[in-house]
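*Asks:* Read off the chains here:
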Amino acid sequence: MSLRKSLKKNLGILFATVFVMNMVFGCPGVAFAAGTTASTTVNGSISASIISVSVPATLAFTIDPNKTGSDQASKAAIQSNTNAPVEISISGGGSSFKQSASSSWKPVDYLPEELNWEKLGRTASESSLALGLLVCNSTQWRALTLTDTLWVKELANMTGNAVIGALDPNSSAEITFQMQHGNSFSEAKTCSYNIIWSFALAN
Amino acid sequence: MNELQDDSLDPRIEQEESDLKPRMEPKKEERYLLGHRSRKPFLFLLSFLVGFMVLATAIFVGDRFMANSSKDTTAQDVAATEVNNPEIRDYADSESVQEGELMTDDNDEQERLNALAEESRVYCIISSAPYFADSNSKGSLSISNPKESNYYSQVVIKTDEGKEMYVSPLLAPDESIESDYLTNKDFEPGSYHCYAYFNYYSSEESSSYLGSMCAEINIMID
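Same order as they appear, the protein sequences are chains W and P. Residue numbers for the first sequence follow this note's numbering, beginning at 1 and rising by one. Residue numbers for the second sequence follow this note's numbering, beginning at 204 and rising by one.
Some hints could be false.
SDA-like, lysine to any residue: derived pairs with alpha carbons at most 20 Å apart [said to hold, decoys possible]:
| id | chain 1 | residue 1 | chain 2 | residue 2 |
| --- | --- | --- | --- | --- |
| 1 | P | Lys350 | W | Ala77 |
| 2 | W | Lys153 | W | Gln178 |
| 3 | W | Lys189 | P | Lys350 |
| 4 | P | Lys366 | P | Ala332 |
| 5 | P | Lys361 | W | Ile50 |
| 6 | P | Lys350 | W | Asn81 |
| 7 | P | Lys361 | P | Glu391 |
| 8 | W | Lys189 | W | Gln99 |
| 9 | W | Lys67 | P | Glu314 |
With the C-beta cut set under 7 Å, the calculated list includes, among others, these residues of chain P facing chain W [to be verified]:
| id | residue |
| --- | --- |
| 10 | Ile329 |
| 11 | Ala332 |
| 12 | Gly414 |
One-sided and incomplete, this derived list gives chain W residues near chain P with beta-carbon spacing under 8 Å [what the hints assert, rightly or not]:
| id | residue |
| --- | --- |
| 13 | Gly44 |
| 14 | Ser45 |
| 15 | Ile46 |
| 16 | Ala48 |
| 17 | Ser49 |
| 18 | Ile50 |
| 19 | Ser54 |
| 20 | Ala57 |
| 21 | Leu59 |
| 22 | Gln72 |
| 23 | Ala76 |
| 24 | Trp197 |
| 25 | Ser198 |
| 26 | Ala200 |
| 27 | Ala202 |
For the record, the hints were derived by calculation from the structure and aren't laboratory data. Ideal placement from N, C-alpha and C gives every residue a C-beta, glycine not left out.
Looking at chain P on its own, in the form it has when it is part of the complex (with noise of 0.2 Å):
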């Protein structure tokens, strides 16, 4: 009855264990054979990875072509409904409708354009003819960004060949110059015509840069 109960004391099925575990060792043959057959879910995913693009490509390229291809189908079956049905709609609200043809009240627009005109002022003041006692003292510039204007601006003098003479603060509105030292020392006494370029900017940035004028002086030297 106890030897029933109880084989792990019975010694001939132990005998019979070590005999069986030699034999689950692989041979040399056998372990080429388990490491051939270890590759074999590699290469399955490998080919289900493959097979699953390749599918996708064929859905998506045939999906593409289908839509372009159904457009024109869907815009026959649009009209071919429309026309079967020329039923008139109910429509609750009609108080878009107003008599007469489309009209647009070419006043307000040109009301419109204008303002945006004039809200875009921009002021050119200087003096026609700044003069220098000599290239290291001040010269009477008077130039000024009225009050009224909206924009920053900054003045660059240049000679008629390009060479710069004088470049000014960037000006708010509401502030001048009166006189100031040329920026460029480097010219020898005597009349120089020179453009003054107003750049106007919308904010202190130079990004905000909106447009430029200019005026013609001739800046004299002693």
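Just chain W, with the same shape it has in the complex (with noise of 0.2 Å):
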């Protein structure tokens, strides 16, 4: 009997309760019905991001004819200050890869594969050259493209970029030349190379 009272009360409790939490909660059109509707607009807006991102000017090499495997080349690293990632690329068609304008030797480009470096004699040598662009470590990038040397010659005869790859947010990543040539020269040979690098934010 003291059971079934206590349910009672019970119930009677929790049914009061809800009634009290719907009328201050759950419908205030009802509970105030004279209150007014009011909304909020967000208004966001949000910058466009900036693209910063730096270079070195002037990449060098040296070709030693006397010592195999010595060449050297400028390790560079391509800088990005941008926060967000950016896309390296270069363009093709030989515009943007080629010698300058202004180099005391202007040797004619090669790939790798089309001369026997080793046995070329002298005019051959003071006359060819086969220089291509590549990456130093893969690690650094975001997202690697460019996996093997990207040849001067090559990319003249490319229609379209050239996308080396991505580099993440506030990263660098170095580049470096990769060159074949012949070992006979009469003298000491200058010459200077235009990369025209293209940035854009990556997808």
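With the hints as a guide, bring both chains together as one complex.
*Replies:* Rendered as structure tokens:
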């Protein structure tokens, strides 16, 4: 009997609580029949990302025909200070990676497999070069597209951009050069090439 | 005595001189011969000059020929002298002699090449999506040539089709452009995929051009 009373009492309290809760939170239209509705507009604006990248204007290499495997080239960092991933590329078609007009030595660009470099005589050595761009360390890249050396002559025959890869935000990656050449030079030679890098926000 | 001392007073002498004067005037034929004779020095001089030039040419050509032909002879002579005189010469200072084979320090060369690249660092800083309320309003370009740069830079923005949209002033290091007007206002509202070319110069002269790089951006004109 007392159990039934207690159950009734508890159910009564439960119903009362639910009723009060409904009155306060559940149905304001009913609770405050004379109130007004209100809405808030949230305006968000996002600035465009600023592309910020730096590269060396001059990259140099030296060839010592007297020592096999002693060719050396600048290891240059492409530094991105962008707060977003940036894609690095070079335009194809031969206008973005080519000999400088002011270069004192103007060898003909070849692909490495086109000549038997070790057997070249003086005239051929002094007029032939295969120069290519190479990524130093693939782990420095967010996504690497250029896995082999990109040769000057190869790029000249390309249409569209040659994508090197994408850099993570605020990171850098090193690139260098690879050369193939003859070994017969009657005098020291100096040549220079121009590269026009292209940067864009990466997908 | 006086007559002997002063001949000018002798009338006979005066008469003789007057007789001689007409005979000193050349006759017509003689005048012709005299004119012919006056050309002789000229012809002589001309002949001399021609002869001199021929002689000088002959000497020059001969000298060149002899110089070329004597090269081998000289080299042969030197070689013969060396072979016939194989004595060890004294050398006062031998500090330049080092132990071992010829060596060059590859590490030094690598550092030099890397430093050369690092010193020439150039910067490309621009908004990826400049916005213009209309083609006559300023847009937010956010172009910068930071103080770390060693070069001047100028930014030229072109559309995909190569139509020039904007050319910045030449920026010295530590100069920037937050916003600016389009230099070519002949553009309808819309979104334009553009290339922003950063051209670098070592001085304020066009001839000091070093190179370029570019950023792909989208320009929005409302």
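*Asks:* Taken at face value, is the distance from the CA of Asn81/W to the CA of Lys350/P at most 20 Å?
*Replies:* holds, 15 Å
*Asks:* Taking the closest Cβ pair, is Gln72/W under 8 Å from chain P?
*Replies:* holds, 5 Å
*Asks:* Taken at face value, is the distance from the CA of Glu314/P to the CA of Lys67/W at most 20 Å?
*Replies:* holds, 19 Å
*Asks:* Has the given pair, Lys189/W with Gln99/W, been kept, meaning a C-alpha gap of at most 20 Å?
*Replies:* Status holds; Cα separation ~14 Å.
*Asks:* Under the criterion that the straight-line Cα-Cα distance not exceed 20 Å, is the pair Lys361/P, Glu391/P satisfied?
*Replies:* OK: Lys361/P and Glu391/P at ~15 Å, within 20 Å.
*Asks:* Holds or violated: Lys361/P and Ile50/W, Cα atoms, limit 20 Å.
*Replies:* Distance of about 18 Å is within 20 Å: holds.
*Asks:* Would the hint linking Lys153/W and Gln178/W be met if the CA-CA limit is 20 Å?
*Replies:* Holds - the C-alpha atoms of Gln178/W and Lys153/W are around 13 Å apart, at most 20 Å.
*Asks:* Is Lys366/P close enough to Ala332/P, meaning Cα to Cα at most 20 Å?
*Replies:* Between Lys366/P and Ala332/P the Cα gap is close to 18 Å, so the pair holds against 20 Å.
*Asks:* How about Ser54/W: closest beta carbon in chain P under 8 Å, or not?
*Replies:* With Cβ-Cβ at 5 Å, under 8 Å, it holds.
*Asks:* Hint validation: Ala57/W versus chain P, beta carbon distance must be below 8 Å. Holds or violated?
*Replies:* It holds, given that the least Cβ distance between Ala57/W and chain P is near 4 Å, below 8 Å.
*Asks:* Next item in the hint list is Gly44/W. Is there a CB on chain P closer than 8 Å to its CB?
*Replies:* Because about 16 Å separates Gly44/W from the closest Cβ in chain P, which is outside the 8 Å limit, the hint is violated.
*Asks:* Given the hint that Lys189/W pairs with Lys350/P, test it: the Cα-Cα distance must not exceed 20 Å.
*Replies:* Judged against 20 Å, a Cα distance of about 35 Å means the pair is violated.
The structure shown violates the earlier hints numbered 3, 13, 14, 15 and 27.
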